[in-house]
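Could you use the hints to bring the two separately framed chains together as a complex?
One line per chain: the protein sequences are S and P, in this order.
Quick note on the working numbering: the first sequence kicks off at 1 and runs consecutively.
Quick note on the working numbering: the second sequence kicks off at 321 and runs consecutively.
Please keep in mind that the hints were generated in silico from the structure rather than gathered at the bench.
Heads up, a few of these hints could be off.
[Said to hold, decoys possible] As a list, the in silico DSSO-like pairs of lysine-lysine whose alpha-carbon atoms are at most 27 Å apart:
id : chain 1 : residue 1 : chain 2 : residue 2
1  : S       : 72        : P       : 462
2  : P       : 385       : S       : 85
3  : S       : 158       : P       : 379
4  : S       : 142       : S       : 158
[Unchecked claim] Partner residues are not named here, just some residues of chain S that face chain P (Cβ under 7 Å, in silico):
id : residue
5  : 96
6  : 108
7  : 109
8  : 185
9  : 188
10 : 189
11 : 195
12 : 227
[To be verified] If you want the footprint, here are the derived chain P segments under chain S, 3+ residues with CB under 8 Å:
id : segment
13 : 403-414
14 : 431-440
15 : 481-495
Where a beta carbon is used, it is the ideal one built from N, C-alpha and C, also for glycine.
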Amino acid sequence: MKKLLFLSAALMLAASTFGQAKKPTIMVVPSDRYCIEKGYVIKFNNQGTTIELPDYKKLLQNDSDMRLAISKISGIMSDREFPLKDLEQELRNMSNESAETSLLTGSLGGSVVESPIDALKRTAKADIIMDLDVSIEKQGPKNSIRFILNGIDAYTSKNIASSTGVGSPSTSASIGLLIEEAVLSHMDEFAGRLQAHFDDMFNNGREVKIMVKLFDGFDSNLEEEYEYNGESEALGTFIEDWMDDNTMNHRYSLSDATENFQRYEQVRIPLYYERNGRQRAMDTRTYVNNLKKFLSDEFKLDSKVYMRGLGEAWLIIGEK
Amino acid sequence: MRKLVGIITMGIAALIITGCSSSAGAQSRHKVRKLEYNSAYNYEVSTIAVGVDGTKLVKVWGRGKKAEDAQRNAIKEGVACALFHGFPAGSNGSAAPTPAIIKDPAAADKHADYFEKFFAPGGQYLQYVNRSTDGASADRVKEKGGYKVGVTLSIAYDELRKEMERQGIAKSLNSGF
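Isolated chain P, as found in the complex (with noise of 0.2 Å):
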């Protein structure tokens, strides 16, 4: 009897000793994923193909609680990768990669208060982006909390880094010369 209670006993601690290192396994997943959402660095994007003069035509994807706001989310994060990221290369050789119009990874910080206007809600950044899809149902996915919704968009980026280069937040090619 005392045998079976103490395989009982050993049998317990190990399922609680299991359960807390997988909870604290899922805690820490949680932590990254909330960390990597909440990321600068952290863009869901794809060329999709060389688009007409000065533009870029690429997919990108956004998160929201509502799928609205993944959407609006997903054009947002369209311009700030022009701006601060790039685009990668299309599959296939569809389009070559493209450089970020910003090579300084401390001028968000510096301008600070031109991006959070240029951001807001309704901001200057929606002059530079037209949507070509709106999210059709097949680029919706449910999440947990919320929902990722890929957006087919087509940027206007000479004119974003025109617009960057008039404001002193980019160098233009011939700045110097």
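Next comes chain S alone, as it looks inside the complex (with noise of 0.2 Å):
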């Protein structure tokens, strides 16, 4: 009995202390042509220039046929145990955090610290964004609807899934309904390609952009030597074969180099990493942490990293 409870109590440490990866977050999108054809868009003069964004806060007040589609995405995302976060409600808390922040006091009068590249990165995030369209195809008194729904990995700006089609003409049917049947009829299709996307990202690693730059003020550059376990080699070499040792089966692509700079892409990290004897889900930050931690131990070089998007960060050498 006695072995056994141990046996027990070992096997529920074990599973405790396997990590998952990080699930990714997932949100519907309208996309930028169905903001304007239907006018909910926010025009402004850029130089010259008159540049329409779609307003999507406006659209999502008004536009029901889109409210309908979303609503049955999300229902059916959620019934894959996957909840989508809700855009109407990512802008309401976006405006609400802008207010707390300009608000917000210490007990010595302090204010909330924000550059404006924390004001600039403020926006509504997801690491998988679903881009939806949806049109209306009118062939005498039938109506039909155009479907095209993409999966856009914010990682790396690749179309991971998709499923597109028109459904079949109808003269009885409301646009609403044809829309609510064309999601029904796309859906499974999305997923089976999404689900493909998250097999290979188990067994391949996930993808993300790894750019190197120096800081101005750095006095030396990615084609110095530098001396490393007994070799002497460019220090642009050793970043390189860091990410050769550090990548999932070496799988990266070293895109553009110069002497002031690195572009790694298709860089596959590794879904976790060991921390205290556990896993963790590993991201793109942690994983730049470690380079800049290889370079400070081993070449006592000092470096900022820098977010840029959630799949692609900025190592700069020079300054913290």
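Structure (structure tokens):
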């Protein structure tokens, strides 16, 4: 009996120490084309050129067809135990956060620090954007729905899952009903492709972009020779070696490099890392922080990690 | 006279050769048909329309010695198609294609015991399918040695997927997270 208890305790401990990959957040966002066609746009003048940006808030307050489509997709994804981030709530949260940040003061009267970059970064984010476009096609008295759903990986800007098609024409069904039918028709195909993307991620790691840059005060460059492990090589070569050692199946691509920068694309980072004997979910920041630590420990170089979106990080060498 | 006998002999020989080759062709055609009939990958199915939430409305053809057997096989094949093959897109944009619930091609062999019980006569598979036609006379084709019957089915695709996920045969979208 004691043995059995010990065994179950050991199994529970093992289960608790085994981590899970960071679950990607997904959000349905109406396509720019839809917003422009329906007139839900904010126009502004950018040095003589009129720029039109989608006004999601206005759209969600007025367009019941799009709200129906988003709600239907959210329901189906929740049913698959993958609840979506709600765009409307996210926009509301952001405006509240902005107001709270400007009003919040400490006991000594200090206000919350926010740089222009921090304010710029305060946008609705998700790991995967489901870009939804719906348009009505008319053939005489018949209406049909052209449905386009693209899953964009915010880490790489790649289209990772899609489902498109034109529904069968109908004279009697309402537009709302046709949209609902289109969503029901396409979601299984979309989910199947999303599953294939997740399978690839588990097998080959998460794909991210990494840029290595230099601060102008840095008195060396990436082609300068450094000593490491008894070898004398350019700093850039040692960084590339680190990348090779720390990517899943050594998968990365150094797409461009000079003495001042290196651009790594299709970098497959592992989904987990171990800390204090426990597995934790790895993200781009943690991964690039490891490179920062490597440069600091082995070459005594200061560097700064700058996150540019969810799946892109810059490591800028020369200053903290 | 000798010439005539020669011509007749050659004619008979030609007839025998042609007869043999055509019977060999028929035999191989019969073999192919038999193989196709028994193949686990051979489904005669078409998507009719988008079903209500979580269901698929499809027409499946089954074969059997009697029309009732053919109907029963059609229902079984409808569920098997949802599990291992998926449904094609409907004509004229009536529905998008539906992927198979089980992506692993070896799953049927790995879980052979489970599927044997699942597809047994009166088995659990019947829980995930509703017949909307009973194989009307227009959908019955008399074939050599039996019948081919088309049945319109409403397959509870989402419920079937959840059951496979519960059994650990299919992966759920959030598995691993």
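Hints versus structure:
1. Among the hinted pairs, residue 72 of chain S with residue 462 of chain P is inconsistent with the structure: their alpha-carbon atoms are about 44 Å apart, more than 27 Å.
2. Using a Cα cut-off of 27 Å, the hinted pair residue 385 of chain P and residue 85 of chain S is violated, with the two alpha carbons roughly 54 Å apart.
3. This hinted pair does not check out: residue 158 of chain S and residue 379 of chain P have alpha carbons roughly 37 Å apart, beyond 27 Å.
4. Between residue 142 of chain S and residue 158 of chain S the CA atoms are separated by roughly 35 Å; this puts the pair beyond 27 Å, and the hint is violated.
5. For residue 96 of chain S, the interface hint is violated, since its Cβ never comes within 7 Å of a Cβ in chain P; the closest pair sits about 28 Å apart.
6. With 7 Å as the threshold, the beta carbon of residue 108 of chain S stays out of range of chain P, its nearest partner Cβ sitting at about 42 Å, so the hint is violated.
7. Because the closest C-beta pair between residue 109 of chain S and chain P is about 43 Å apart, greater than 7 Å, the hint is violated.
8. With a least beta-carbon distance of about 4 Å to chain P, the hint placing residue 185 of chain S at the interface is held under the 7 Å criterion.
9. Because the smallest distance between the Cβ of residue 188 of chain S and any Cβ of chain P comes to about 5 Å, under 7 Å, the interface hint for this residue holds.
10. Given the 7 Å rule on beta carbons, the hint for residue 189 of chain S holds: about 5 Å separates it from the nearest Cβ of chain P.
11. Hint on residue 195 of chain S holds. Least Cβ distance to chain P is approximately 6 Å, under the 7 Å limit.
12. Given hint, residue 227 of chain S at the interface with chain P, is violated; its Cβ is 42 Å from that chain's nearest Cβ, farther than 7 Å.
13. Against chain S, the segment 403-414 of chain P contributes 5 residues with a C-beta closer than 8 Å to a partner C-beta. That satisfies the three-residue criterion, and the hint holds.
14. For the segment 431-440 of chain P, the stated coverage by chain S is violated: 0 residues have a C-beta nearer than 8 Å to a C-beta of that chain, whereas at least 3 were required.
15. With a cut-off of 8 Å between beta carbons, the segment 481-495 of chain P has 4 residues touching chain S; three or more are needed, and the interface restraint holds.
In the structure shown, a violation is registered for the earlier hints numbered 1, 2, 3, 4, 5, 6, 7, 12 and 14, in ascending order.
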